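Take the given structure of chain A and dock chain B to it, following the hints.
Number of protein chains: 2
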Amino acid sequence: MTLINLTIALDVMGGDQGPHVTLPAAMLAIENFPNLHLLLCGDESVIVEELSKNKFYPHPRITLFPTTQVVEMDDKPIFALRNKKQSSMRKTLDLVHDGQAQACVSAGNTGALFSMAHFVLKTLPGVERPALISALPSNKPDQHVFMLDLGANVFCDSSVLYQFAIMGSVMAKEVDGIENPKVALLNMGEEDNKGSDHIKQAASYLQANDDINYIGFIEGNDIFTNKADVIVCDGFVGNVALKTCEGVARMVYTQLQEIIKKHFLAKIMGKLLSRTLKKLFKPMNPDQYNGASLIGLRGIVVKSHGNANITAFYTAIIEAITEIERQVPTKIKDKLEHTLCHK
Amino acid sequence: MTLINLTIALDVMGGDQGPHVTLPAAMLAIENFPNLHLLLCGDESVIVEELSKNKFYPHPRITLFPTTQVVEMDDKPIFALRNKKQSSMRKTLDLVHDGQAQACVSAGNTGALFSMAHFVLKTLPGVERPALISALPSNKPDQHVFMLDLGANVFCDSSVLYQFAIMGSVMAKEVDGIENPKVALLNMGEEDNKGSDHIKQAASYLQANDDINYIGFIEGNDIFTNKADVIVCDGFVGNVALKTCEGVARMVYTQLQEIIKKHFLAKIMGKLLSRTLKKLFKPMNPDQYNGASLIGLRGIVVKSHGNANITAFYTAIIEAITEIERQVPTKIKDKLEHTLCHK
Chain A
0 MTLINLTIAL DVMGGDQGPH VTLPAAMLAI ENFPNLHLLL CGDESVIVEE LSKNKFYPHP
60 RITLFPTTQV VEMDDKPIFA LRNKKQSSMR KTLDLVHDGQ AQACVSAGNT GALFSMAHFV
120 LKTLPGVERP ALISALPSNK PDQHVFMLDL GANVFCDSSV LYQFAIMGSV MAKEVDGIEN
180 PKVALLNMGE EDNKGSDHIK QAASYLQAND DINYIGFIEG NDIFTNKADV IVCDGFVGNV
240 ALKTCEGVAR MVYTQLQEII KKHFLAKIMG KLLSRTLKKL FKPMNPDQYN GASLIGLRGI
300 VVKSHGNANI TAFYTAIIEA ITEIERQVPT KIKDKLEHTL CHK
Chain B
0 MTLINLTIAL DVMGGDQGPH VTLPAAMLAI ENFPNLHLLL CGDESVIVEE LSKNKFYPHP
60 RITLFPTTQV VEMDDKPIFA LRNKKQSSMR KTLDLVHDGQ AQACVSAGNT GALFSMAHFV
120 LKTLPGVERP ALISALPSNK PDQHVFMLDL GANVFCDSSV LYQFAIMGSV MAKEVDGIEN
180 PKVALLNMGE EDNKGSDHIK QAASYLQAND DINYIGFIEG NDIFTNKADV IVCDGFVGNV
240 ALKTCEGVAR MVYTQLQEII KKHFLAKIMG KLLSRTLKKL FKPMNPDQYN GASLIGLRGI
300 VVKSHGNANI TAFYTAIIEA ITEIERQVPT KIKDKLEHTL CHK
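Residue numbers (numbering that gives the first Met the number 0), protein chains in the order written: chain A, 0 to 342; chain B, 0 to 342.
The shape of chain A in the complex, shown without the other chains (with noise of 0.2 Å):
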């Protein structure tokens, strides 16, 4: 089997750790795939010093892209986009406009990511919006479910919401192997009836389309039951699911330790089930289930969480050579242009 050649450009200072988390993780999937060339944007000399320090400077399938500027957590979308030309996201992203990378990642501010993404790469022919996709943990196991947007636009329209339905189908498909997968809009209740016009729209909009396999509206408690492979809704709703889902698990978690801790037969298999309750929490954990996606853009795009250690930005990077590898771009290209015309 011959390998393809894979360049992935990464934003070195993003993030709440930046090059501490970045670097490492870098290295990490230098070391791991052979065929992987790091195009590395950020501040030269800790760039330099940290790589040195580990023998990976130089290296032949590392190249170094200097940037003088880094957008801040905090910095609103609109500000970094006009005022960060410099910065070491700004720069992964005109690597891949310009076709010297094939993906990039950041861990960095996700509202300016995305504004400058959408102004860098644009959206692909039929997008009218970029979404925020991560597959998310189901109650079967080695099972996922695509859920989308998760907070890049605040509201959608039914246009909207239907070409996040083909984006998420594609997603699906190519990056979970599912044949055919379950599309469904997430909504309060289950009946045609319910929710907002935009919705039912979009309903009518899936329904009328036999190349998607839409399987109608669900409901909050069925995100996690696999009823559906890909779950769409707006980014306000995806966002505050998303959010609720990891404070649910926290809670749990949290109430779970304080009963280890009192019981006398839980304390004495306390190791066991601390270790069971991790595997069993680690999906919904963000630092490590990580890797979410702007898709619809010219161009692959990973997001990784603010706080993400090392092993969840390289998580994030094996999500980008996935998606390099099955061509995402060019199969949501595909099928849109393919099911537009069902519309």
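Wrong hints could be hidden among the right ones.
Copies of the same chain are indistinguishable here, so a pair counts whether it falls within one copy or spans any two.
[What the hints assert, rightly or not] Under the rule of at most 35 Å between Cα atoms (straight-line distance), these lysine-lysine pairs were calculated in the DSBU-like manner:
hint	residue 1	residue 2
1	Lys-226	Lys-75
2	Lys-181	Lys-193
3	Lys-261	Lys-139
4	Lys-172	Lys-261
5	Lys-181	Lys-260
6	Lys-260	Lys-193
7	Lys-121	Lys-261
In short, the hints are calculated from the structure, not lab data.
Note that the structure is predicted; figures quoted are calculated from it, not measured.
Relative to chain A, chain B alone:
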């Protein structure tokens, strides 16, 4: 201490189980609250047979209001409003409207109950829309968080969100005894620039009102952290968030039970774990953690879950008792009169 007389109308036919759940709960309430008078609305023969069998008929504190129609769980609200005027649901609301009952409880179709209650009872002065509110568990034992709207209104503009904040604040104070409850708006970020225009506008109304302890925006992961005592959102978002909580809790519960089955040590202490797990997840179970209320109306309407069991419906009756004793509608009216001049 002199007990005040309490008169509550029950929709005997409402909910998935109807009289099988509502009548045993009613008898339990009659037994436990010597000052409670129940007005039972529903099919006369069913009620008389069931109560007689248990020696609760005739009873000095039970009055029958025979009705001939039932609002089905899939009746559309507008259909129920127009065509189910002789239903048990409608009768309970009429009894509150006529002053014969101080409160009513139904486990029936939420949309129909909302429309009928709105039509029959009307909103309090200054209230544009009634809201569905419930006390959710939090990660501090015995502390709740009041969340509204949980699904009565698909969309809420800034004025409606502002009114909900005031109503929620009264509920938290009167029902849970929280002095100066912390009120937050649920948003897709904590920063001032996040979210839709109507949420930002509601925030500015609340900031300008010294009478409300407004603490700002919170995200989904802080619903259960006691950061806020009252969380305000539109009905779509609230419904999705609440149902998502149920979904996560169920997934975690299922997976923990799998662990108990698999692990040798866990199997030994299976009973203890099962018991503690049940205790832990009980508040996340809509059948147990129950008694949402429709507030903002000129009367008390408690909504029990559609698939409520006896305990859940009994809990909803107790919720109605509390709201009568604390005079919730009057307190909301007073607070609104006092605060609306600040807007």
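Structure-based check of all given hints:
no., hint, in the structure
1, Lys-226 to Lys-75, "between (37 Å within a copy, 25 Å between copies)"
2, Lys-181 to Lys-193, "both (20 Å within a copy, 32 Å between copies)"
3, Lys-261 to Lys-139, "both (31 Å within a copy, 16 Å between copies)"
4, Lys-172 to Lys-261, "between (46 Å within a copy, 32 Å between copies)"
5, Lys-181 to Lys-260, "between (42 Å within a copy, 31 Å between copies)"
6, Lys-260 to Lys-193, "neither (45 Å within a copy, 40 Å between copies)"
7, Lys-121 to Lys-261, "neither (55 Å within a copy, 50 Å between copies)"
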